[in-house]
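Okay, here's what each chain looks like letter by letter:
There are 2 protein chains.
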Amino acid sequence: MIINKSNRLHHVKEYYFSSKLKEIRTLIASGKPIINLGIGSPDLAPPKAAIDAIAKAVLDTKNHSYRSYQGIPEFRKAIAQFYNNKFTVDLNPDNEILPLMGSKEGIMHISMAFLNDGDAVLIPNPGYITYTSVAEMLNVKPIYYNLSATTNWLPNFEELEKLDLEKVKIMWLNYPHMPTGAIATEELFKKLIAFAKKHKILLVNDNPYSFVLNEKPLSILALDGAKEVALELNSLSKTFNMAGWRVGMLLGNANYINTVLQVKSNMDSGMFYGIQKGAIAALEMTNGWFTKMNTIYTKRREIVWQILDELHCEYNKNTVGLFVWAKTPNGVNSKLFTDELLYKKDVFITPGTIFGSNSEEYIRVSLCVDEEKLKEVLERIKIA
Amino acid sequence: MIINKSNRLHHVKEYYFSSKLKEIRTLIASGKPIINLGIGSPDLAPPKAAIDAIAKAVLDTKNHSYRSYQGIPEFRKAIAQFYNNKFTVDLNPDNEILPLMGSKEGIMHISMAFLNDGDAVLIPNPGYITYTSVAEMLNVKPIYYNLSATTNWLPNFEELEKLDLEKVKIMWLNYPHMPTGAIATEELFKKLIAFAKKHKILLVNDNPYSFVLNEKPLSILALDGAKEVALELNSLSKTFNMAGWRVGMLLGNANYINTVLQVKSNMDSGMFYGIQKGAIAALEMTNGWFTKMNTIYTKRREIVWQILDELHCEYNKNTVGLFVWAKTPNGVNSKLFTDELLYKKDVFITPGTIFGSNSEEYIRVSLCVDEEKLKEVLERIKIA
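Protein sequences appear in the order of chains C and L.
Sequential numbering from 204 applies to the first sequence in my numbering.
Sequential numbering from 204 applies to the second sequence in my numbering.
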């Protein structure tokens, strides 16, 4: 290349998944009957109403031009209604809601909107790796806060207060938590809001798993005073099996939202009209949708628990989300443990190592695999 | 806000269009019959084949999960075929093509991939304002290179060589040029490639207007040695009236493409499957499509020329793209000139001022308005 890549890419590695999936494709090509329990991409179909709505919208030849960065008003109203129904959160559709092409892009947009070179952010360990990659790409220091089974994967405030918080401007939260499936309490969010006010830190709760196997969906924005110090990201990917559609949203105080919009309007453009119409139809689904999905995931989880029992892994049944999180037998390293499963049983499970140093003895099993395949995994593992 | 916005946003202003369009909406709401000749968003329908393809693809319930960052192989093959047919450029679909959600996002992705704090980029004056906004957001210095009517809006190499090029890593090119409609020659591209090699600068040609009213579409990648020093951005927005779909692409050497992919994979996710299927159908359109569109645009342009004659503006008939570029009578300031049209004739035309200091005496008229409305504008202007 005539010029070098940016220094910002020196730390960014290829996604572990990306290289591991290449290996898995090679194994499959060589004839191995691999079953992949690693990926959190819903295999179930989106609501029929969403598909019908996009299929109808694309046929209107007037709907193919540029769209507003903020999305069509009808879409923002549907999001406001959804947040009101599900979380008892009031949002002004005019200025407290920003549709995103997936919540993932929000991590970069929010970071660019508020962070300067040399600032720091608080990131959960274990946690979603994109928080770290984005920080590194912007020359922002990732400061990890520990989560562990002893606190049910909730932050430890004594430890938080001891961190060097001087340069910290954003704290990434992700409840329901990926990969552990832990849920936040109102009490936790209250303490976090007080912590954020005290240290002048913006909280961003990434909430895409709110409705999977979760009896009591909770938004941080439902708490008193939250809008002063907190934003929330949400997404249709997991709730409505629409991961490929790239529909996310950012919610919160109009000033924050407007600042993020300044970034977004210089980086991309508004969402495809047909996708917005499909998203509206999804957001308007009645409770039956959630019950139906959770019935399926409940059955799958039962089998995953049986698999984990056979593997002598420990897990907490009181968790939510698209994954089951489990501790390896005798604390064996999760990469060794999952590689053995891959090579001996043709089953891929994600090792906890990739989510941070606090989860090297854990594994994450996806529920995005049908019962038949899960039963096949169970059979393979029973045959010692 | 509990934290301040990032310094990177201190220079970024609201898009001129954004505030002007608000004013226009207010005028329309007050009953004014405004005709907007300012916006470059195609009003014509996409190819029926593209609409049929997305409508069919969304009905298959298996097509709604995450997609690869690189797009489906079939889509990359269609792009390779298109570039081969239209530009006689050979591209390896495996590693020389990166689908983007619009070419606009490519400007940020490329900048993040190659630029460090304090680097500089060459930006055309006049030119597309996003090159400047993105530079400012990344703390990169925009160095403008002059384009003027005397060189038919092509760069002046004597002037280029006199610029302080030490920190320059990228030169943004945009031929066919927006807003002027100037086209590049093979000779120009050869000289630019030599210039880039000499100064170790990456050329990025933004080529979304290649097929509008253009007899000889040209890609910089068709020139000898181009792949060493040049990337090209293209888009389906203008060529196939699919601006709202957000389908763009980056083309060039595998090393450059892979570096940009490192950025993209940490910022967003792959394109919606249905959109990829629609895009493939568009890329496979036969020559009749281009003829049909250009017949419509030719008729519209005839009327725009008449409007400009009535306004005593000068223009060059030998240009291409979605706009007609014209000089105001007696070099009057274009904001004054267009404001007078807006308030006296209820017609909005974009003033050249927003594209840079070299075009304060120019205006840009969009061809994305039907003949009937253009004739109405002509009538309004004739009635002095």
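Derived by calculation from the structure, the hints in this document are not laboratory data.
These figures come from a predicted structure and were not determined experimentally.
Any given hint could be a false lead.
Note that identical chains are pooled: a pair holds if it fits in a single copy or bridges any two copies.
Stated by the list, open to error - Here are the simulated lysine-lysine pairs, BS3-like style, with alpha carbons at most 30 Å apart:
{"id": "1", "residue 1": "K419", "residue 2": "K548"}
{"id": "2", "residue 1": "K280", "residue 2": "K225"}
{"id": "3", "residue 1": "K259", "residue 2": "K235"}
{"id": "4", "residue 1": "K495", "residue 2": "K259"}
{"id": "5", "residue 1": "K265", "residue 2": "K280"}
{"id": "6", "residue 1": "K576", "residue 2": "K502"}
{"id": "7", "residue 1": "K265", "residue 2": "K235"}
{"id": "8", "residue 1": "K578", "residue 2": "K235"}
{"id": "9", "residue 1": "K259", "residue 2": "K548"}
Now the hints, each set against the structure:
For a Cα distance limit of 30 Å, the shortest separation of K419 from K548 qualifies neither inside one copy, at 37 Å, nor across copies, at 58 Å. Taking the shortest alpha-carbon separations for K280 and K225, only the inter-copy value of 20 Å comes in at or below 30 Å, while the best intra-copy value is 42 Å. Taking the shortest alpha-carbon separations for K259 and K235, neither the intra-copy value of 42 Å nor the inter-copy value of 33 Å comes in at or below 30 Å. Taking the closest pair of Cα atoms, K495 and K259 come within 30 Å of each other both inside a single copy (25 Å) and across two copies (26 Å).
For the homomeric pair K265 and K280, the shortest alpha-carbon distances inside one copy (22 Å) and between copies (29 Å) are both at most 30 Å. When the C-alpha separation of K576 and K502 is checked against a cutoff of 30 Å, the pair qualifies only within one copy, where the shortest distance is 13 Å, while the shortest distance between copies is 61 Å. Within a single copy, K265 and K235 get their C-alpha atoms only as close as 49 Å, which misses the 30 Å cut-off; across copies the closest is 23 Å, which meets it. For the homomeric pair K578 and K235, the shortest alpha-carbon distance inside one copy (18 Å) is at most 30 Å, but the shortest distance between copies (68 Å) is not.
In the homo-oligomer, the alpha carbons of K259 and K548 never lie at most 30 Å apart, since the shortest distance is 45 Å inside one protomer and 38 Å across protomers.
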